[in-house]
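Enquirer: Read off the chains here:
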Amino acid sequence: MTDPQPTAAAPESLLASADFPPQSQITREIQDIHTEYARREAAGEKLPATIYDFPPYRSSLLRHPTKNPRLVDPETIELYSPAYGQRDVAAIESDLTLQHAGEPLGERITVRGRLLDSWGRPIPNQLIEIWQANSSGRYIHQRDQHPAPLDPNFTGAGRAITNDNGEYLFTTIKPGAYPWKNHINAWRPAHIHFSVFGNGFTQRIVTQMYFPGDPLFALDPIYNSIHRQKDRDRLISTYDHDLTVPEFSMGYRWDIVVDGPDATWHEPEEGEH
Amino acid sequence: MPEKTLDPTPGQTVGPFFAYGTIYPKMHEVVHPYSPGAIVLGGTVYDGNGAPIPDSMVEIFGADSDGTVSRARGAFRRDDHTFTGFGRSFTTDEGHYEFWTRNPGAEAGKAPFFAAIVFARGLPNKLHTRIYLPDDEAALAADPLLSSLDPAERATLIATRLPDGSLQHDIHLQGEGETVFLTF
Numbered sequence: 001m002t003d004p005q006p007t008a009a010a011p012e013s014l015l016a017s018a019d020f021p022p023q024s025q026i027t028r029e030i031q032d033i034h035t036e037y038a039r040r041e042a043a044g045e046k047l048p049a050t051i052y053d054f055p056p057y058r059s060s061l062l063r064h065p066t067k068n069p070r071l072v073d074p075e076t077i078e079l080y081s082p083a084y085g086q087r088d089v090a091a092i093e094s095d096l097t098l099q100h101a102g103e104p105l106g107e108r109i110t111v112r113g114r115l116l117d118s119w120g121r122p123i124p125n126q127l128i129e130i131w132q133a134n135s136s137g138r139y140i141h142q143r144d145q146h147p148a149p150l151d152p153n154f155t156g157a158g159r160a161i162t163n164d165n166g167e168y169l170f171t172t173i174k175p176g177a178y179p180w181k182n183h184i185n186a187w188r189p190a191h192i193h194f195s196v197f198g199n200g201f202t203q204r205i206v207t208q209m210y211f212p213g214d215p216l217f218a219l220d221p222i223y224n225s226i227h228r229q230k231d232r233d234r235l236i237s238t239y240d241h242d243l244t245v246p247e248f249s250m251g252y253r254w255d256i257v258v259d260g261p262d263a264t265w266h267e268p269e270e271g272e273h
Numbered sequence: 001m002p003e004k005t006l007d008p009t010p011g012q013t014v015g016p017f018f019a020y021g022t023i024y025p026k027m028h029e030v031v032h033p034y035s036p037g038a039i040v041l042g043g044t045v046y047d048g049n050g051a052p053i054p055d056s057m058v059e060i061f062g063a064d065s066d067g068t069v070s071r072a073r074g075a076f077r078r079d080d081h082t083f084t085g086f087g088r089s090f091t092t093d094e095g096h097y098e099f100w101t102r103n104p105g106a107e108a109g110k111a112p113f114f115a116a117i118v119f120a121r122g123l124p125n126k127l128h129t130r131i132y133l134p135d136d137e138a139a140l141a142a143d144p145l146l147s148s149l150d151p152a153e154r155a156t157l158i159a160t161r162l163p164d165g166s167l168q169h170d171i172h173l174q175g176e177g178e179t180v181f182l183t184f
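Protein sequence lines correspond, in order, to chains A and B.
Just so we're aligned: the first sequence equals residues 1 to 273 in UniProt numbering.
Just so we're aligned: the second sequence equals residues 1 to 184 in UniProt numbering.
Simulated from the structure, these hints should not be mistaken for laboratory data.
Per the computed footprint, the stretches of chain B lying under chain A, defined by three or more beta-carbons under 8 Å from a beta-carbon of chain A, are: (1) 82–88; (2) 123–133; (3) 139–151.
Example chain A residues on the side facing chain B (calculated, C-beta under 8 Å, incomplete): (4) Y52; (5) I222; (6) D259.
C-beta: ideal position from N, C-alpha, C; glycine also.
Extracted from the complex, chain B is given alone in its bound form (with noise of 0.2 Å):
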């Protein structure tokens, strides 16, 4: 890889009213409610002080279930079937996120998880995370980025299958409990 040439553009906060200038139609149905293979992927996001913060955004990108990573369009203009793994959630007064999606599968022997993102007001830059999947615990065991997590870290990265199949999973900027996030 030759050296870089140029300084890259720093991240700043989302700020307090980007709502109106990121909101889409659909933008949280990564696949359309209720279709074959569809399920909730959904949590709170919480400050230092355990509150629930209002005003955040979380983006998720996945694979779809058998693995591969869509390079299909449509993200932004849902047809309400071509699989496209990208959304975007706005957290609500209670400062709750949720996504229709579906399960990611992984390449043989991988843990699978959504590639995650979040800004909110008051976080001066995004901050990248994961969100594994908690059922094959092999290949959660053999992951280079799990293992090297104490336990209590390694539980922020890995949701909770819900009975009825759904997945839930909390986010915490700071705090007891704090999300492990990630650098590149």
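So here's chain A without its partners, still in its complex pose (with noise of 0.2 Å):
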């Protein structure tokens, strides 16, 4: 049987380990793992845009299937997802500024943008949770031990119901970089954690949101298990000055694409491209 102490597995922030990888190391296994699925991807593969099998991000060793998932054809109950209204969340629940007594610090933020399919139709009435740290990359969260301090006056934790043209509008704080036990100097870029409902069960996915000229990106070993540039890009929010407020908060921009599903994909036939 397995030890005990293990199945209360710490997250990353309370994991250490002797033989940390330098963080040289860990920027050349990414840079390798990408040229590899390039070679491999015009060599003709299909491949996802996230990678299961992902080193760098050393939790996933042993979390990732070694197996290709099964092609299948979605069943009614996939093709439908759960039904949200707008009375489903309260308007107070997308600002993430007025949940406590006080203004929380940092620099005030606001995201917003539109659920879209991937044929660019809005999707209304979805749910969008959201989570992040505060201003100075702390999570309230018990097993968040970074020394950085906790906000009396930020939880980061916010939700919102798509309207009628898809849209959502988050107001918040501009979370911080945080560090983490993955190798020798992790740092997390900035980033705000997005679990996101399409129209169907099969669209459902859960995503971060990245603000633009983050000089971690390239080091972290998360953003960078999306394998292609064009990928990654989408998760990077666009500065928008028409969105930033005069006197109150700076304007983000970012759009969400749910895929498919697609269900008449099928293997192409002999001859067929």
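Please assemble the complex out of the two chains, which come individually in their own frames, going by the hints.
Expert: Structural data, given as structure tokens:
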């Protein structure tokens, strides 16, 4: 049987190892895998956007499937999603700066965007959940031991329901970068976690939104678990000066696109390309 | 169907601190506990060493007992009687997930199942799978997905019915008995 210790596996912030690799090794591993995936793709292989087996992200070693997923035709239940409505979430839940008596510290931002399917159609009435660190890079979580200050006026969790045009809007604080113990000197780029429902259960995703120009992008194994630059670019919000509110907040725009389901996809016939 | 025009946003790991961002009351109570027809669906999520995974999140979406897919709201604000089919469970320190739900039905001749998604720290993206009910062997035998799998793989998708009527179903992200995951 397994030792009881690892069953209560601590999250990244607590893991420690005597043989931690340096950043240079992790960066080299990332580059080598990206090169390998580009080669395989050029050779005609169909590869998912996010790599499941991604050793630079050390926690993924025992947590990725080793077999390719089976391609199936979705059944009815998989072509629908749970139903939400505007009244499922109070309007105040999308403003993370109003959840406490005082103002949270940091740079106030608004994040606005649309939820679309891959045909560009807006997806109304869907639940979007976000969570993030505070402006100093600390999560309100008992297992986050990063010695940056907690902010008594910031929890860092919010929700919204997309409107008739598929739009959402959050008011929050720009999260800080924070260290994690994946390797020596590992720092996560500032990001906001997004949990999103589409029109079908197959479209459900959890992802992360990043901020433009972050110097940590090339160094981060989680961001780089997406092997194509054009797909990584999809995770980076755009600073939008028209969205910036005078004397109040900086504006970032970020659209989320959920895929398919492409129920009619089929293996090309012989000679069909 | 016209051409797709936009590249989808790729998924990322749910990370270690998802709990406070995704928790809500009664999220694992698809139906009110002990209400008529209510059953427990539970199991353990394991990693490649066979160790339980304490920081994962499992979601299910299932038809009602008569096979209809609910379009009712209320998965997020439970009223304890509207059936919405959707539930979410975090794993415990022992890697255990659990739902109160009902046995899903299916269209005639089809095998009923729960659609399920697994998220976890260390898992770079979501994983889709299905949790089939074990009861109708003829329907299971006729299922296109199950019949395309070898017996060991097939077994990873079919829950076990316990004497009290509950369903037991473990999920292995890797290794011995690795669950069959799906793409669409």
